[in-house]
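Quick note, the sequences are listed as chains A and B, same order. With our numbering as the guide, the letters of the first sequence map in order to residues 1 to 579. With our numbering as the guide, the letters of the second sequence map in order to residues 1 to 181.
There could be a bad hint or two in this list.
Unchecked claim - Chain B regions said to be covered by chain A (calculated; three or more residues, Cβ under 8 Å): (1) 7-15; (2) 45-59; (3) 174-181.
As the list claims (entries may be wrong) - Sample of chain B residues with no beta-carbon within 12 Å of chain A, all distances over it, derived: (4) H35; (5) V37; (6) C38; (7) S65; (8) S68; (9) T81; (10) M139; (11) N150; (12) S161; (13) S166.
Read the hints as simulated data drawn from the structure, not as lab findings. All C-beta atoms in this analysis are idealised placements derived from N, C-alpha and C, irrespective of residue type, glycine included.
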Amino acid sequence: MVWTLEYDGTTKPIASFGVNSIKRVRKNLLTDKVMLHVQGNTLSSLPTFAANTSIKIFNDGNGWFDGIVTQTPLHCSSNSEAYQYEVSGVWWYLENLIYQQAWKEPVDPTEESPTLYNVYKSRVILGMDISGEQLSIGQQITDVIDYAISCGVNLEMGDIAIPVHIPLDECKDLSCADIIRRLLRWVPDTICYIDYGPGVPTISFLRRSQMPSITLNISSHVQEFSIQPRYDLQVPAVVLKFETTNSINGKTWKESVQQKYPESCTGSELKALVLTINLAGSKANYVVQNIATAAIETSSVAWWKAHVPGLTNIPTSNISIGNVSRSSTLPNELISGTVANWMNKTAETDIVRCKISYADANEAIIDREVAIRILATDATTGTYKNLLSLTTAESIPSNLAEQIYNSVNPLQYDGTVATVSKEISQDFFGKTLNIIGGQSTWETMSAVVQEVVEDLDSGKIFIKFGPAKHLGAADLAELTRSGRLLFESKNHSERITAEVSSDGTVEQGIYARVDNTSFGPGKYKMIKFADPNNLGRSIQIDTTDIATSEITVKFREEDVCESGVLKKRYSLASEPYSS
Amino acid sequence: MDDEFLTRVSFAGVPHTLPHSSNISQVTLYPMTPHDVCKVYWTLSSLAVSYVYSINGVSVYRNFSATSSVTPKNRLIAPATFETTDFDSQTQTSYAMALKLDGVYFSTDDNSKIGLKLIFEEVDSFNLINLCLWPIPGMDNIAREFTFLNKSFSVYLNYQSPSVTSASFSSFAMVPEFIVI
C-alpha cells in the first residue's frame, strides 16, 4: 500500500513530510481524527502542518481522510522532539457551525397582507419545513447538511433513509452536530458514516438494519475482545403520551392521545419506555354574533302593536290597519344583534308606513299616519361565526412508538475487539459486526460499530461496538430524556406566516335594530272624559262638533279684572270665523 | 268692604264697551299703566281734590271730595260718576265742578300707556278757566305738578288774555281712596 498526503497543494508520500506514525480514530456522531506524529529536530523549526490548514490522506490513491489541522502540540523529552498533529475530519465543521433556519418576516408589518421574506435565525424548529410541512428525521438531517454545504463545508450528502416523524422540537443556538445528535435520540441505532473515498467526503446515516455487516473470526488476527449481550437495555414496550393544549377564544382545554407498541402493551410493564410528549395545540379566535330576526308582517295588528309603543294598551280589536307601504323588499327584520359584512347577508333600513285607526281606552277615536323605521334583512335567527385566526394543532407523528421500539428492543451486544495485522485493509466503521469462532449467537449479533481506532504503524485496529451511549440508548433513564427535553413548539406558526399581529380591530356589525320609541304627533278625533263613578257626567271634545272647516279651538290668553286687579288667564276658544 | 268680583276686560283693564269721551274740559291721567287704570276704574271710591289759583287779583281756593256710590260690579255697565260734596271755597263761586271717570285715552306713541279722563267743569264769574293735562295752544298756560298713584303728572291752568289780566297757579293735589275688597 502506498500512503500519500496532500498538503498545501502538494501530494507526496507521507514519509517525505517526516511523518512516522499515523493513527485514525473514528467515533459515531463525533469528529473523526487523525494523529500525525512527526519526530525530528523540531524544537526550533515551525510546525510542518500549520493550524487550520487542510490535509488529505490517500491509500493507493483512494481517499482515506480529509480534514483540518486543529492541534499542533509539541512534545519534547531528553531524547526526542516531536509534533503530534491532530487533524479533524469534516464533522468538525458541523460541530462549529450553528444551524440556522429561514423564518418569514414581513417587509412592511403595517400592511394588511404584508409581503414576507426569509430571515435566517438560530432559533430552529425541527421536524417542519418553512412551508409548514412535516419533515422526517432523514429530511431534517438532510436540511442540516444542505445548510452546512451552503455555508462552505466541503461535504456531500450520501445515503439516509430515516422516514421517522417526530414531534416539533424548538431549540436555539445549537450546532449542526448538536442538531443531528438531538434528532437521532429518537432512533439511537443510527450510525453516521463519512466516506472519504470520493473526491468530496460523503456523509451517510444508516440504521442498524441498513448497515452492511462484517464478520470477524476470533481465530484470525484478533488479539483480544470482550463482549456481553445487553438484555438490560431491551425495552419491552414503548408508550408515548401526547398532550396538546388547545385554545378557542381564550378557552383552553387539554387533549391526550396515547401511542404504544406493541399494541398489546399497557405501559405498566417493567422497563417500559413511557414518554410524555407535549405537542403544540390548535389556537383559534372567532368572532361570534348571535342575531334574532322575525318576519315582517305588515298586515298584522300584533306586529304593529309590537313596533308602535303607543298602541300597546289599545285592544287589538279596536285597531285597523290600511295603506301599508315599505321601502325594502327583504323578508325579515332584525330583532337583536347586529349584521356585519362578514355574514354575507344583506341588511338595509326599511321605512314601513300605514294608516292606523283605533279607539283608545278612553274612547278617543284616533286616525293617524304612522311610519316606523326597522332594519330589514335576509338573515335568519342563528349564530354566525367568523374565523379571525387559526393555528392548527401539531399532528401526532405516526408510528413513532413503533420506530423507537424497533430501535431499542432488539438485543444489543456491547464490547470491544482488538485486531492486529500487517496491513489495515478492512473498514469496520459504518457496519454491524458478527463474530465467528465463538458462541453461535455472536455470529448473528449485528453489533453496531461505534468506534474504530486504526494504528497504521502497528497494524492494530481497536473496535468498540454496542448501543450508542452518547445518544442515550445506554439505559432507560437516558432514553426518557428524549421526552423530558422536548417542549411543544410555541413559534412554529410564526416561522411560516410571520404572524403579523392585527391591530386588534374586529369588524363589528354595522346594522343594528332600530327602535321606534316615539309615536309621533297624535291626531285625536274625539276625547271623552268621564267620572268613573257617574259615567253620565262627562266632558267630550269631538272635532266633528266643529262644523266649520279649517278652524282651530285652542287656549288663548285674555285679560281679566279680579277684584280691581288686572290679570290674565287662558280660555279655550277658537279664532273668529264668519258666521 | 265690597264683594270680590271677576270680569273679562280689555287690555286696558276697563270694560270692552267703554266709549271714549270727547269733552274738552278734562284731565287725562296719561301715562297711567293698564294696572293703574284697572284699579282706578273699578275700585276708586272717592277723590280728594284741592287746588289754588289766582286770577285778576282774586284768589280761588278749591277743596272738595268727589265720591261715587257705584259698586264695582255696576261699573261693568257704565263708569262711575263722582259728585262733589262738602264743597269749600274761599271764593265766591256759584257752581264748582263735577268729576267723572270716563273712558280710556290711547297714547299714539306708546300703546303700553293708557290714559283715563277726569272731567272738570268749573263755572263761575271768572270763566274761561280750564284745567288740563297738557297746554292748550293759543291760550296762556300755567303748569303745576302733582302726584297720583305714585306717579308725577302735570296739570295746566289755561286762560284767555286779555280777559284775564293776571293769573297764578299755586297748588294742585288729588288724593284717591279705593274700595277695599
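Consistency of the hints with the structure:
Proximity of the segment 7-15 of chain B to chain A, defined as three or more residues with a beta carbon under 8 Å from a beta carbon of that chain, is established by the 6 residues found. With 0 residues having a beta carbon nearer than 8 Å to a beta carbon of chain A, the segment 45-59 of chain B misses the requirement of three or more and the stated coverage is violated. Closer than 8 Å: that is the beta-carbon criterion, and the segment 174-181 of chain B has 3 residues meeting it against chain A, so the requirement of 3 holds. Once the 12 Å rule is applied to beta carbons, H35 (chain B) is inconsistent with being away from chain A; the minimum gap is 5 Å.
With a closest Cβ-Cβ approach of about 8 Å to chain A, V37 (chain B) is found to fall inside the 12 Å limit, against its non-interface label. With 12 Å as the threshold on Cβ separation, the claim that C38 (chain B) sits away from chain A is violated: the shortest Cβ distance comes to roughly 4 Å. Every Cβ of chain A is farther than 12 Å from the Cβ of S65 (chain B); the closest lies at roughly 20 Å, confirming the non-interface assignment. Distance check for S68 (chain B) against chain A: the nearest CB is about 14 Å away, which clears 12 Å, and the non-interface claim stands.
Distance check for T81 (chain B) against chain A: the nearest CB is about 18 Å away, which clears 12 Å, and the non-interface claim stands. The non-interface label for M139 (chain B) is consistent with chain A: the shortest C-beta to C-beta separation is roughly 36 Å, beyond 12 Å. Even its closest Cβ contact with chain A, about 16 Å, leaves N150 (chain B) beyond 12 Å, as expected for a residue assigned away from the interface. Listed as outside the interface, S161 (chain B) is consistent with that label: its C-beta sits roughly 44 Å from the nearest C-beta of chain A, beyond the 12 Å cut-off.
Taking the minimum C-beta to C-beta distance to chain A, about 44 Å, the non-interface status of S166 (chain B) holds against the 12 Å cut.
Taken one by one, the earlier hints fail for this structure at numbers 2, 4, 5 and 6, listed in ascending order.
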